[in-house]
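Could you slot chain B onto chain A? The hints should help.
2 protein chains.
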Amino acid sequence: MPTISKKGLNIPSSPIRKLVPYADKAKQNGIDILHLNIGQPDIKSPIESIDAIKNIDIELLKYEYSQGSHKFRKNLCSYYSGHNINVSPDDIITTVGASEALSFTMNSICDPGDEVIIPEPFYANYNGFAQASDVKVIPVTSKIEDNFALPSIELFEKKINNRTKAILICNPCNPTGYVYSKEEIINIANLAKKNDLFIIVDEVYREFIYSDLKHFSILEDETFFDNAILIDSTSKRYSLCGARIGFIVSKNSKFIETCMKFALARLSPPTVALIAANNALKSDNKYIDNVIKEYSMRRKVLIGELSKINNIEFSDPMGAFYSIIKLPVKNAEEFAKFLLTDFSINNESVMLAPAAGFYSSTDNGKDEVRIAFVLNSEKIKRAINIIYFGLKEYIG
Amino acid sequence: MPTISKKGLNIPSSPIRKLVPYADKAKQNGIDILHLNIGQPDIKSPIESIDAIKNIDIELLKYEYSQGSHKFRKNLCSYYSGHNINVSPDDIITTVGASEALSFTMNSICDPGDEVIIPEPFYANYNGFAQASDVKVIPVTSKIEDNFALPSIELFEKKINNRTKAILICNPCNPTGYVYSKEEIINIANLAKKNDLFIIVDEVYREFIYSDLKHFSILEDETFFDNAILIDSTSKRYSLCGARIGFIVSKNSKFIETCMKFALARLSPPTVALIAANNALKSDNKYIDNVIKEYSMRRKVLIGELSKINNIEFSDPMGAFYSIIKLPVKNAEEFAKFLLTDFSINNESVMLAPAAGFYSSTDNGKDEVRIAFVLNSEKIKRAINIIYFGLKEYIG
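Protein sequence lines correspond, in order, to chains A and B.
Going by our numbering, the first sequence opens with residue 1, and the numbers climb by one from there.
Going by our numbering, the second sequence opens with residue 1, and the numbers climb by one from there.
With the rest of the complex left out, here is chain A (with noise of 0.2 Å):
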């Protein structure tokens, strides 16, 4: 029998879909999942994106360029300048999604064995890639007492070592909804720049903001052009999980030219989607505006769930759409799968993402869970209620 890869055996399940089997199991037995596990928002796309692809005119589905087409590179820069971010289309990738810009981006700056610190709790599919280009996550944890800030620069000062290659912050952060000010950006970035490291930021939720803190890009500030890279995608911002894609922007051109011998590799982003994302880039302000809005009414409601359970703690998303709860359970994926198995309230119970599957340190998070609050008020209630009643009879 030939042999699977040691790679392939370690790569952790996701924790966002590890649970899946037991909620299409309940499905079968007539009861109604709200998924609070997966960042799949409900919020319509921009309407200029799906007019884009009903009115597509070819007769032939070629090739994207390997890069993204020009164009799209061009509009993605005026959309940048908004935000006070000023790169060129030759500073750009387009890639399948975050995920496939994570990826060219392990694989252009770590070999086998080097190491990449991310703080923990951390999305959870970073583990994927960088198991699958070899490369140790070394964590630094965050705590739920601080709301998730940024550790001290020590800690992570203390991690750094010769096979340390780049330290990776996601802003605003999945799973944890914290927004990192300006200072902590400033002060992580300079022990980047200190240590020759890069400084890897996902800010897919840039917009996603829930308070008068200004989000600050990475890509603001010219002192670290060297060191940062950005990774970016459409999903979330308009709605576009399904078109896949994202893209790697940076001002450091020997990184962009290796990503650019992957992307070639790969030949090219998705076609159509490309197109649907060119077009929701034309989506005025409101678009965003009006999703920011939603979210933000979700917030409230499911803080305001939540703070009616006195037995939990939980953190204040200032952005994002997610928050990690700790639970007063031993064993916070047992009782996920119970709400699957053994719990509903009207037909209807919950899914949720054990959070331990966001840690990479061995023993943290068993207490967790991550939610997404990606469903309507109403809904964002049912689901908190029967949380509430199911850890009642869980705890018993």
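Just so you know, these hints were derived from the structure itself, not from any lab.
Bear in mind the structure is a predicted one, so any value in this text is a computation, not a measurement.
Don't take every hint at face value.
For chains that are exact copies, the list does not tell them apart, and a pair is met inside one copy or across any two.
[To be verified] With a cut-off of at most 25 Å between alpha-carbon atoms, the simulated BS3-like pairs for lysine-lysine come out as follows:
#: 1; residue 1: Lys-18; residue 2: Lys-74
#: 2; residue 1: Lys-326; residue 2: Lys-337
#: 3; residue 1: Lys-254; residue 2: Lys-25
#: 4; residue 1: Lys-6; residue 2: Lys-136
#: 5; residue 1: Lys-282; residue 2: Lys-300
#: 6; residue 1: Lys-54; residue 2: Lys-44
Leaving out everything else, chain B in the frame of chain A:
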């Protein structure tokens, strides 16, 4: 300054696209370029695919299932059963082109330093996927004087050691046009089985055969179910290159399970593209029959024209839509550049892919080019004429 990875530095530029800057310059100077360098068919996609895109009835472009929809995988099973291949939806993972299928495969079976044996010349991007996973490509050289038939099994056997994980072949072969016989397939698969290796077969050109030869798929013979990995794609078969829909098919459930972990990490293939690919499966057989008829005619024209040039050798493409041409020059890349920078007939010139990039052995293929006969007969005639007179002037 942060540093680039060794693999990022080492990954070779795609020979298919590396001369693009020279072609762009020629175009700026008013020269039309006949692109024989890239396998981008000029044949229309199935009307069923284009209509499905235009008639899409969604308001929100959601994630596709990571594995691709069950419906699509079921339709693929029907397609395969028409080719004497009996598989179930669980044996299939939908990927972002055959490119991603190969990346998942490499990652699922190889750790850094592991080896995959491939007869050369081979599809150049195999190098890119191997390099991304730090896998070593071990070449076994096939020869133009044998029309690039499978080298003797003994030559493969000699290369097997304890780091060898798989043998990879492409059937029909890009870049040689060779179609492996049932006997060749069984012999190489037996060698793989005997040594507990995977046998990976890239069959994206399955239908593209220009003789009475019948294509023999690695999955037709149950003997090899544990070892066989089939790489496939809708790109060439249905002129849907821009859709980026490929698939992995295997009866080895441990292997499929492992690939699924990588598939989950990257979330999903592009949703609209999958709809286009799914509807291509509904096109009647006439679509593919007509496509093959057209390429068959082009092949005839190509061979007729090449036969008039007496100082070259070329492979007779029994399948796919490529041929390797051995030129009477020392450095075929220099000649290819010359055609773009210094030669034209009636303001028209030709872009070729230097074949050295399709070899892994350092000194092979330097006097060869690959051409893709993806243009209509008139253009092929003009292109070969340009090569003929270009050679005359270049050799002097």
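### Task
Go through the copies and call it for Lys-18 and Lys-74: within, between, both or neither, with a Cα cutoff of 25 Å.
between (39 Å within a copy, 23 Å between copies)
### Query
For the identical chains here, do Lys-254 and Lys-25 meet the 25 Å Cα criterion within one copy, between copies, both, or neither?
between (50 Å within a copy, 23 Å between copies)
### Task
Classify it for me, Lys-54 with Lys-44: is the Cα-Cα distance of at most 25 Å met within a copy, between copies, both or neither?
Both, since 15 Å and 18 Å are each at most 25 Å.
### Query
Is it within a copy, between copies, both, or neither that the alpha carbon of Lys-326 lies no farther than 25 Å from that of Lys-337?
This pair counts as within: shortest intra-copy Cα distance 16 Å, inter-copy 63 Å.
#### Entry: Alpha-carbon proximity between Lys-6 and Lys-136, which holds within one copy, between copies, both or neither at 25 Å
both (14 Å within a copy, 16 Å between copies)
### Task
At 25 Å max between alpha carbons, let me know whether Lys-282 reaches Lys-300 within a copy, between copies, both or neither.
Answer is neither: 30 Å inside a copy and 48 Å across each miss the 25 Å cutoff.
Consistency with the previously given hints fails for number 5 only.
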